[in-house]
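Participant: Chain by chain, the residues:
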Amino acid sequence: MTKGKWLSLLLGLIPFLTLVLALPLVNRVKPVILGLPFILFWIVFWVFLTPFVLMAAYRLEKKYDSGEKGQEQ
Amino acid sequence: MNTALLIILLTIVISAGLGVYAGSRVKMNLENWTVGGRRFGVIIMWLLMAGEIYTTFTFLGASGWAYSRGAPTFYILIYGTLAYTVSFFVLPAVWKIGQRHGLHTQPDFFIQRYESRWLGVLVAAIGVLSILPYLQLQLAGLGLIVEVASEGAIGSKTAILISFVLTCLFVYISGLRGTAWVSIIKDVMMLAAVGIVGVGVPHIYFGGFGRMFRALLEKYPNHLTFPGASPGMETPWVMSTVLLTGLGFYMWPHVFGSAFSAKSAQTIKRNATIMPFYQIPILLVFMVGFTALLVIPGLKNGDMAFLEIVRVTYPSWFLGFVGAAGAVTAMVPSSVLLLFASTLIAKNIYKAGFAPQTNEATVLRLSRILVLIIMVLALILAFYFPRALVNLLLIGYDGVSQFFPGVVFGLFWKKVTRRGVVSGLLVGFTLAAILVFSGHDPFLGLNAGFVALVFNTLLTAILSLTEKKDR
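Line order of the protein sequences matches chains A and B.
For the record, in the first sequence the residue sitting at position 10 is 10 according to my numbering, with numbers rising by one throughout.
For the record, in the second sequence the residue sitting at position 336 is 336 according to my numbering, with numbers rising by one throughout.
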């Protein structure tokens with residue numbers, strides 16, 4: 001696997017760590033942030049951040065793997 | 001004639017009209033009909049994917065779960081996000097193999113990758129069995145929404161009849177292109193409805209989200225943490241469920257198939273990065289459900305919470321608007337379910353199983369005839385046997401998720417074998433069915449489909465590794 005693929009896969013793990021593995025740790029109401037109970041704030045926060053994580057992954061793949069771009073299209 | 005009724009009927013007719021128009025100027029062949037000629041760009045892909053993914057369940061179910069179950073409803077917000085992340089890595093590879101070999105459907109992929117027509121037939125059969133109950137669910141939802149939103153002026157059966165026949169018409173003529181165009185109307189109307197109600201209702205009754213949540217926690221202190229009001233839905237259940245549904249999401253034949261309609265692998269990748277934004281409106285749907293629990297407690301059917309609170313809060317024309325949005329929200333997924341059920345039967349069961357010589361023009365003709373046959377069957381079921389397929393719905397997700405190892409190993413692992421995939425799929429599917437129908441879901445606190453998927457994956461891997469190569 002190319003370097004870009006590796007880095008983007010690592011980034012791709014972030015939603016699984018924050019939105020699955022971390023759930024037992026964040027299953028509580030306090031502190032309330034922006035009016036949301038903590039568990040809901042945590043979920044919304046990471047759902048909102050995931051597109052940016054994926055965009056970064058997209059950039060990284062492009063940056064490191066641009067050599068094979070010819071066959072992508 | 002009242003305004004609500006007019007808004008609902010106009011929306012249904014205009015949507016169907018746009019759907020018909022979308023494909024009427026294109027010379028139709030199988031490629032154009034099933035995968036839109038493989039020419040969709042990022043924006044139209046986003047609208048199409050959102051169009052078929054956000055169904056009546058999103059509307060009624062997410063608010064219904066917030067109302068009657070509480071925190072477990074948060075799983076909906078999570079699993080979509082996981083699914084888009086998976087799709088970022090998996091779908092471009094699916095698209096490439098589809099482009100190289102001219103694939104149209106999910107079973108096509110299995111036939112191509114594992115060189116087995118019968119595996120294709122098996123995948124198609126499981127696919128169709130999962131799609132049909134899902135289609136019935138959309139129709140039932142549509143009938144319910146329109147009946148309530150028109151305050152009884154259009155009965156549920158009339159609503160189903162009118163909108164489903166029109167849906168079949170645009171599918172017959174335009175195929176996936178029709179779905180994509182109608183998605184535009186649907187997405188705009190649903191976002192408007194969810195935005196207005198989701199922001200409006202908590203403000204009208206409590207003066208804001210924060211105060212609404214404070215009131216909710218005072219009255220129901222355990223509602224907003226797992227397991228909420230559903231004792232079986234502890235944190236491990238949520239974790240295993242979001243994994244199962246997140247991985248299984250793109251394994252639905254109609255969602256998988258839609259990936260082929262993209263114009264390039266890059267389009268799909270870029271589409272995947274912006275898809276999670278579409279999850280945010282679901283947060284507003286939750287707000288509606290939570291507010292409804294405080295304002296109109298004691299509803300027998302929690303799924304009615306959204307419509308009921310709109311009914312008691314807003315003027316009747318706005319209820320009509322919400323009903324119209326709900327109707328298109330059912331029409332779009334119905335159209336794509338119908339399209340792929342027909343293609344799966346024509347191309348992957350009839351042609352692959354019984355008549356390999358059939359040419360593409362005949363497959364298209366047959367698929368279109370099947371649209372009409374399924375329409376009639378679905379209407380009969382909806383009118384006379386509304387509960388006939390309910391049991392199948394219980395294992396829909398569990399069933400299609402079992403395709404995951406076959407797809408992902410098939411794309412990224414050279415050693416995977418046909419025997420491994422077939423055995424894993426059969427064992428996974430059977431195990432899920434046994435656990436669900438014997439009342440063992442959740443199993444040891446975990447989602448039964450997830451347990452089955454773990455067995456399936458292990459079995460596929462072990463058999464593939466131990467198989468002696470003949471060649």
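I should point out that these hints are in silico values taken from the structure, not numbers from a laboratory.
These numbers were taken from a predicted model, which means no experiment stands behind them.
Glycine is no exception: its CB is placed at the ideal position from the N, C-alpha and C atoms.
Check before you lean on any hint, since a few could be wrong.
To be verified - Derived list of chain A stretches under chain B, where covered just means 3 residues or more per stretch with a C-beta under 8 Å from a C-beta of chain B: (1) 15-22; (2) 31-39; (3) 42-48.
Participant: Are the hints correct? Go through all of them and say.
Facilitator: Hint-by-hint comparison with the structure:
1. 15-22: Check passed, 5 qualifying residues.
2. 31-39: holds (count 6)
3. 42-48: Satisfied; 5 residues make the cut.
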